[in-house]
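Undergrad: As a plain string of letters, each chain reads:
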Amino acid sequence: MNEQDLRKMVEQMVEQMVNKDASHTSVAYGKTTDTGSSTMISNECLPDITKIDLRKQFLIENAKDKEGYLAMKAKTPARLGCGKAGARYKTMSMLRVRADHAAAQDAVFSDVSEEFVKKNNFVPVKTLCKDKDEYLTRPDLGRRFSPEEIEVIKKTCGHNPKVLIIVGDGLSSSAIEANVEDMIPAIKQGLSMHSITIPPILFIKYARVGAMDDIGQVTDADVICMLVGERPGLVTAESMSAYIAYKPKHGLAEAKRTVISNIHKGGTTPVEAGAHAAELIKKMLDKKVSGIDLK
Amino acid sequence: MREELLSVGIDIGTSTTQLVFSKLYIENMASSYSVPRIVIVDKEIIYRSEIYFTPLKSPTEIDGPRVRQMIEQEYERAGIDKSAIDTGAVIITGETARKENAKEVLESLSGFAGDFVVATAGPDLESIIAGKGAGAHAYSKEHSTSVVNIDIGGGTSNLALFLRGEIIDTGCLDIGGRLIKIDPETHKITYFSKKVERLIQKHGLGIHLGMIATKENLQPIIALMVKGIKQSVGLAPIDDDFDIMITNKSIAQGHQIDHICFSGGVADYVYHDRAGKDYFAYGDMGILLGEAIRESDLCTKLHLIPSIETIRATVVGAGTHTTEISGSTITYTSNPFPIKNLPILKLRKEEEQDALMLETSIKKKLEWFKLEGDLQRVAIAIEGVQNPSFLQIVEYAKGLVHGLEELINRELPLVLIVEEDMAKALGQAMYHELAYKKDVVCLDSIKLDNGDYIDIGKPIAEGTVLPVVVKTLVFNE
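Residue numbers (our numbering), protein chains in the order written: chain L, 1 to 295; chain C, 296 to 772.
You may find that some hints are simply not true.
[What the hints assert, rightly or not] A short list of chain C residues far from chain L (calculated; beta carbon distances all over 10 Å):
#, residue
1, L637
2, L661
3, D744
[Unchecked claim] Selected chain L positions facing chain C (Cβ under 8 Å, derived; list incomplete):
#, residue
4, L70
5, A71
6, S93
7, A255
8, H276
[Said to hold, decoys possible] The list that follows gives simulated cross-link-like pairs (lysine to aspartate or glutamate, EDC-like), each with its CA atoms no further than 16 Å apart:
#, chain 1, residue 1, chain 2, residue 2
9, L, K73, C, E437
10, L, K247, L, D220
11, L, K64, C, D553
12, L, K126, L, D106
13, C, K436, L, D65
14, C, K635, C, E619
15, L, K188, C, E715
16, L, K126, L, E151
17, C, K753, C, E299
18, L, K265, C, E715
19, C, K318, C, E298
20, C, K596, C, D553
21, C, K742, C, E678
22, C, K644, C, E690
23, L, K75, C, E437
24, L, K205, L, E115
25, L, K295, C, E757
26, L, K188, L, E279
27, L, K75, C, E461
28, L, K283, C, E757
29, C, K525, C, D553
30, C, K436, L, E67
31, C, K658, C, E701
No wet-lab data here; the hints were simulated from the structure. The model shown is predicted, which means the values in this text are computed figures rather than measured ones. Backbone N, C-alpha and C define an ideal beta-carbon position, used for all residues, glycine too.
One chain only, chain L, in its complex shape (with noise of 0.2 Å):
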């Protein structure tokens, strides 16, 4: 089978897959089915599968009971109901598994965009490492900032701020632009219930969560929340955490961080996250502790 052809037959699965909620793309591809050796130059992109709901799609033939199937679907994103060539996944699953782990991919690779930072006010600084490659092999780095970083960090957040809220990349640049415009001013709302404002918000590239230790040990902050990006996986790679800790400084334990994980729109909505994270740092304050003590 030549390059051609297969790809004739992929883009005809395709398109068979999403026809229910594309209709308009068959257009598209109707010229494609000319056969010979000439090739069709179009500008058109190939449906994106990655917008198919999986918890919506269904590709097993004959189903005894799809209604009641779909019905156990929806409370998992979890692969079910996928049917099966053979031994084999279905080229759908298989093309989307693919992209899936593209996505995943992506958002560990690419950086937040300085447009995102500019557009958010937030104030740049980097951690240690030089790239992304230092960055993943070496976490020691990505705690730590340069004394000149530390000027711009001090300036910024000036001495013992009550509480203060930062952004790193972490494990997914893709998270934090798909989350934090929403977390953010839901954290500020709650806090203002409190009469407690903040500082200027830092965006550290390159950063690992024990960066905030290394940011409290130099402000004397009281709580920082520090929104990190998760390692991405298959399901979303636009997950993110606020890891939120009472004065934290080098060294402090990880019992002491308290998480909120699993912060997207299928998990946690970043609204209601953040809604939550106020009420945690007042409880904070209140309480002088975090993480497994403030239990």
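Once you've looked at the hints, dock chain C against the given chain L.
TA: Chain C in isolation, oriented as in the chain L frame:
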């Protein structure tokens, strides 16, 4: 970190009055590194009362003091103090709900039974509660199928159709075991309900008061009732007899129904062959009705499933299936609970488009809740959006606060209930919009409709969630 709620269920029905105590167990099912998710994880019935005949003062009046005495006695027997009761419901069902003093009796009992024991009435709610108590709801969910539960009591038959754990439709028919009463000694017929009388006359069945009842001479009227039940589940064509037997409405025709389940007192004689038993031992036609259903094709054309509870289905449902738990990320800025009998103003999804639309819709609909120009207490219910942006939250907050100006000025409680998970952020945004001067209660994960009432209990699970009972209050004529 398991927490227990002690719940009471009281059912005052056409023929019997009963009570159960149960424990509801609640637990945070979320891991410690995510937002809490508190749910009811288990339910256990710890005490079942005797089954009493509902005492009547006259054919149109319930004997309130006697009912109260029975309840008091059962509390004592169970060794439970009313101050220990966390939640529960008193439901007044069947023909009893149509008695003149139904409302007064219900209200005084709910207050007496515990601080957060809610008063409920209404045939649709009754159907749902009985269907849940009978286990039809759980069966439909576990087996991913459709189940109709028919709770046949003394005065009415309550239908509830469930599909995969969702309630699809409810109905109520005036078919029951005590619509004809018979003296257990002499077997003389002592009472007909009005509708039974109509049916007898319509068909010229020649049954009259004072006559000695036998299985044979009651057969034609019982056959009409069985036909009515068959019609309700689509096994027989609808005719004008059926219209006579409908209380308020039946379940819509044309639903796919795979399984059938029976509860209520009559159900015991559907499930068990009690051949040789004195048919009129209870002084009514209930045993004969149960037997006729047992022998009809209701049990062969539909797949008959066992019910967990028969005569106690409604009381068990009232005790264990009425209390819900709100979403776990909510806002309440003061503690005015319990709040009882709050009517619902539900907005349509189209009215939620933007702040202005919300504001004008609410203002217009609040007019409905005015009594002689005075605005009454009301809770606003909306659907919300699944994954709202912060700007959407602010938009909602503005529209709601402005729309509710009058309610706020009159110092009525500000209660908002959202279906989607957004109440914490929305409640905070509303509080912000109100410059922190007016307290806000904002809950989510509760589905409501116009005509519903809501009761909200004291915070539980360290203040994370609020227990909620969604109910109706319908006393029909």
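Undergrad: Please flag the earlier hints that this structure goes against, numbers listed from lowest up.
TA: The structure breaks hints 4, 6, 7, 12 and 15; every other hint is satisfied.
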